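For this one, chain A is given, so just place chain B on it according to the hints.
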Amino acid sequence: MSTAHRTTRLLVGGIAVGAMVALAGCASADPTAPADSADGATGDQIVVGSFAFPESEITMEIYAQALEAAGFDVDTQPNIGPRQQTIPALQDGSINLIPEFNGNLLAYYDPEYTERTTEEVDAALVQAVAVDGLQVLDSAPGEDKDAYVVTRETAEANDLTEIGDLSALVPFTLGANSQFAELPYGIPGLKDVYGVGVNPGDVEFLAIEDFGGPDTVQALTDGTVQVADIYTTSPAILTEDLVVLEDPEALISSQNVIPLVSDAIYTDELADVLNGISAELTTDDLIALRDRVEGDEKASAGTAAADWLEEKGLLE
Amino acid sequence: MDLILGALGYIFDPVNWGAGAVQPGAIGGLLLEHLRLTALCVGIALVIALPLGFYIGHTGRARQFVIGFTGAMRALPTLGLLYFFFTLFAFSLSFLPAANLAVVISLIILAIPSILAGAYSGLESVDRETIDASRALGMTEFQILWQVEIPLALPLIVGGIRASVLQVIATATVAAYIGVGGLGRIILTGIGTNDYDRILGGALLVTALALVVDGAFALLQWLAAVGTAPRGARDTDGDATRAPLSAEPATQQ
Numbered sequence: 001m002s003t004a005h006r007t008t009r010l011l012v013g014g015i016a017v018g019a020m021v022a023l024a025g026c027a028s029a030d031p032t033a034p035a036d037s038a039d040g041a042t043g044d045q046i047v048v049g050s051f052a053f054p055e056s057e058i059t060m061e062i063y064a065q066a067l068e069a070a071g072f073d074v075d076t077q078p079n080i081g082p083r084q085q086t087i088p089a090l091q092d093g094s095i096n097l098i099p100e101f102n103g104n105l106l107a108y109y110d111p112e113y114t115e116r117t118t119e120e121v122d123a124a125l126v127q128a129v130a131v132d133g134l135q136v137l138d139s140a141p142g143e144d145k146d147a148y149v150v151t152r153e154t155a156e157a158n159d160l161t162e163i164g165d166l167s168a169l170v171p172f173t174l175g176a177n178s179q180f181a182e183l184p185y186g187i188p189g190l191k192d193v194y195g196v197g198v199n200p201g202d203v204e205f206l207a208i209e210d211f212g213g214p215d216t217v218q219a220l221t222d223g224t225v226q227v228a229d230i231y232t233t234s235p236a237i238l239t240e241d242l243v244v245l246e247d248p249e250a251l252i253s254s255q256n257v258i259p260l261v262s263d264a265i266y267t268d269e270l271a272d273v274l275n276g277i278s279a280e281l282t283t284d285d286l287i288a289l290r291d292r293v294e295g296d297e298k299a300s301a302g303t304a305a306a307d308w309l310e311e312k313g314l315l316e
Numbered sequence: 001m002d003l004i005l006g007a008l009g010y011i012f013d014p015v016n017w018g019a020g021a022v023q024p025g026a027i028g029g030l031l032l033e034h035l036r037l038t039a040l041c042v043g044i045a046l047v048i049a050l051p052l053g054f055y056i057g058h059t060g061r062a063r064q065f066v067i068g069f070t071g072a073m074r075a076l077p078t079l080g081l082l083y084f085f086f087t088l089f090a091f092s093l094s095f096l097p098a099a100n101l102a103v104v105i106s107l108i109i110l111a112i113p114s115i116l117a118g119a120y121s122g123l124e125s126v127d128r129e130t131i132d133a134s135r136a137l138g139m140t141e142f143q144i145l146w147q148v149e150i151p152l153a154l155p156l157i158v159g160g161i162r163a164s165v166l167q168v169i170a171t172a173t174v175a176a177y178i179g180v181g182g183l184g185r186i187i188l189t190g191i192g193t194n195d196y197d198r199i200l201g202g203a204l205l206v207t208a209l210a211l212v213v214d215g216a217f218a219l220l221q222w223l224a225a226v227g228t229a230p231r232g233a234r235d236t237d238g239d240a241t242r243a244p245l246s247a248e249p250a251t252q253q
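Read top to bottom, the protein sequences are chains A and B. Per the numbering used here, the very first residue in the first sequence carries number 1; after that it's consecutive. Per the numbering used here, the very first residue in the second sequence carries number 1; after that it's consecutive.
Simulated from the structure, these hints should not be mistaken for lab results. Certain hints may be false.
[To be verified] Okay, the calculated beta carbon distance ranges per label pair:
#1 V212(B) - T161(A): 46 to 54 Å
#2 P51(B) - T161(A): 53 to 61 Å
#3 W17(B) - F211(A): 24 to 32 Å
#4 T239(A) - W146(B): 58 to 66 Å
#5 V170(A) - G227(B): 56 to 64 Å
#6 L5(B) - A123(A): 34 to 42 Å
#7 T239(A) - P51(B): 46 to 54 Å
#8 F53(A) - L32(B): 32 to 40 Å
#9 F211(A) - G9(B): 24 to 32 Å
#10 F12(B) - E112(A): 27 to 35 Å
#11 M1(B) - A157(A): 52 to 60 Å
#12 W17(B) - E249(A): 30 to 38 Å
#13 G28(B) - D159(A): 35 to 43 Å
#14 A26(B) - E112(A): 26 to 34 Å
[To be verified] Short, incomplete list of chain A residues facing chain B, as computed with Cβ under 10 Å:
#15 Q179
#16 E182
#17 L206
Here the structure is a predicted model, which means the values were calculated and not measured. Heads up, the beta-carbon is just placed ideally off N, CA and C, and yes, glycines get one too.
In isolation and in its complexed conformation, chain A is listed as follows:
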């Protein structure tokens, strides 16, 4: 018994010593240190970041691959948390570039912002982000924002094209996350801006807490709700043939994809590449890209991005 014990103890000790030696070896190469930039005669490495959802990662890949093709030294840093983390990361140089959404980015700086159209929001952003030593480039026409969505059948049966047409549908049930019942662009705005739901009982609300995800789509397609808040780049719009109602009164703020770069890394060449991408990236492109990554194909963000860049001829 005692010899067996001693053998075990020796073994454990040996493993512990081995592990310490191995760890000491690691210590000499700090994994968090900035990558070697000995070959950086052309300038510093650009680190492109992304938020922690597939769409952001796809746009990150598009930026990174296009910049790499244009001769920049590029690295990526996906899955960073909310803006409370990405903005400090841009300021301290852990990342230098991230695909943003213009409306939400402005809301980070000014929660009470009143700008709604793409032009207004982009204009306001220039000043807002300058405070943190950042700048925005051209926004893309593609945007990912809340939208009033109905099925094709509902739209055709009631002749619906814009949000105001919902007056023809009352009484109906609307499905969305619970905050939609009181946010200005939600049910209160529907009533104040479009006059839909002025009578009590016109618009019933069903809280479905998955941000326009599969549960909300299910409730819409099986008729539990007639209208739902689903984001404009949801692949379900394509796969379930849903109709996004137009918003001529700009009730919902624009959320165009826009590159946010730090002043430290800005060059005109960089801006040319990114503005070239923005000029091409539409909402339909974003839906198709997300469908490839999140749908049955399960393509990697990198593959989807590369194919899109190839198709648009942006890899010169």
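Structure of chain B alone, referenced to chain A:
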């Protein structure tokens, strides 16, 4: 402190108990929904778990299997079960029936283990000599179960139900994730709107409800203990199940 005052402000504002309440609506209605959901799920769980627990406790059969199985059931996360059942039912049902069914089944699965454990361990705690004596008196097995074992096991049985009700009240908040009502909706609306008053207010309401209901069960359990104690014994601390009906005085145990 401000946070707690804000939460209490939300709860005690009379507006939030009436028709003009902020989302998700009048607190009283949500409280009732929460209680109804709890009562329904615990009720169904009782119908399943009590007979099973009595059978195991009385016969001693299937004991190992059921203890292992209910132990494993306790480890299942209710939110995970909820989404699993919802996804499953959504194939053939429309949204609301699927959501409601998923919530009820997940909470029943949560409620069963405690009730079952209370029932069989209650019956097992009954003195073997008491049961042998009953049998010697010519009682049938059914009479032994109903007239000897269950009355003596009552404090532990009620204790099991009490634990299960408490768990279901606390966990029923997850129903709001798939559009089913209850106090969870206050918390989720608070999270969605960054309104800490409602997040904490909803949590405090769930806590208060759980404490009140638990207090009621504590009283019930005490009454059960008093009821099962032998005449003259002043054992009111809930340990009365050990009180023997046999000729031996309690002090010799």
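Now for the hints, and whether the structure bears them out:
The hinted range of 46 to 54 Å is satisfied by V212(B) and T161(A), whose Cβ atoms lie roughly 52 Å apart. Range check, P51(B) to T161(A): about 60 Å between beta-carbon atoms, so the 53 to 61 Å window is met. The hinted range of 24 to 32 Å is satisfied by W17(B) and F211(A), whose Cβ atoms lie roughly 30 Å apart. Taking 58 to 66 Å as the suggested C-beta distance range, the pair T239(A) and W146(B) conforms, at roughly 59 Å.
Checked against the hint of 56 to 64 Å, the C-beta distance between V170(A) and G227(B) comes to roughly 58 Å, which is consistent with it. With their beta carbons about 41 Å apart, L5(B) and A123(A) fall inside the hinted range of 34 to 42 Å. A hinted range of 46 to 54 Å holds for the C-beta pair T239(A) and P51(B), which are about 47 Å apart. At about 37 Å, the CB distance of F53(A) to L32(B) agrees with the hint of 32 to 40 Å.
One distance hint, 24 to 32 Å for the beta-carbon pair F211(A) and G9(B), holds here, with the actual separation near 29 Å. The supplied range of 27 to 35 Å is met by F12(B) and E112(A), whose beta-carbon atoms lie about 29 Å from each other. Between M1(B) and A157(A) the beta carbon distance is about 55 Å. The supplied range of 52 to 60 Å therefore holds. Here the CB-CB span from W17(B) to E249(A) is close to 35 Å, well matched to the stated 30 to 38 Å.
The given range of 35 to 43 Å is respected by G28(B) and D159(A), whose C-beta atoms sit roughly 41 Å from each other. Separated by about 29 Å at the C-beta atoms, A26(B) and E112(A) satisfy the suggested range of 26 to 34 Å. At its closest, the beta carbon of Q179(A) sits 3 Å from a beta carbon of chain B; the interface hint therefore holds under the 10 Å criterion. Against a cut-off of 10 Å between C-beta atoms, the interface hint on E182(A) holds, since the closest Cβ of chain B lies about 5 Å away.
Interface restraint check for L206(A): the shortest CB-CB distance to chain B comes to about 5 Å, inside 10 Å, so the restraint holds.
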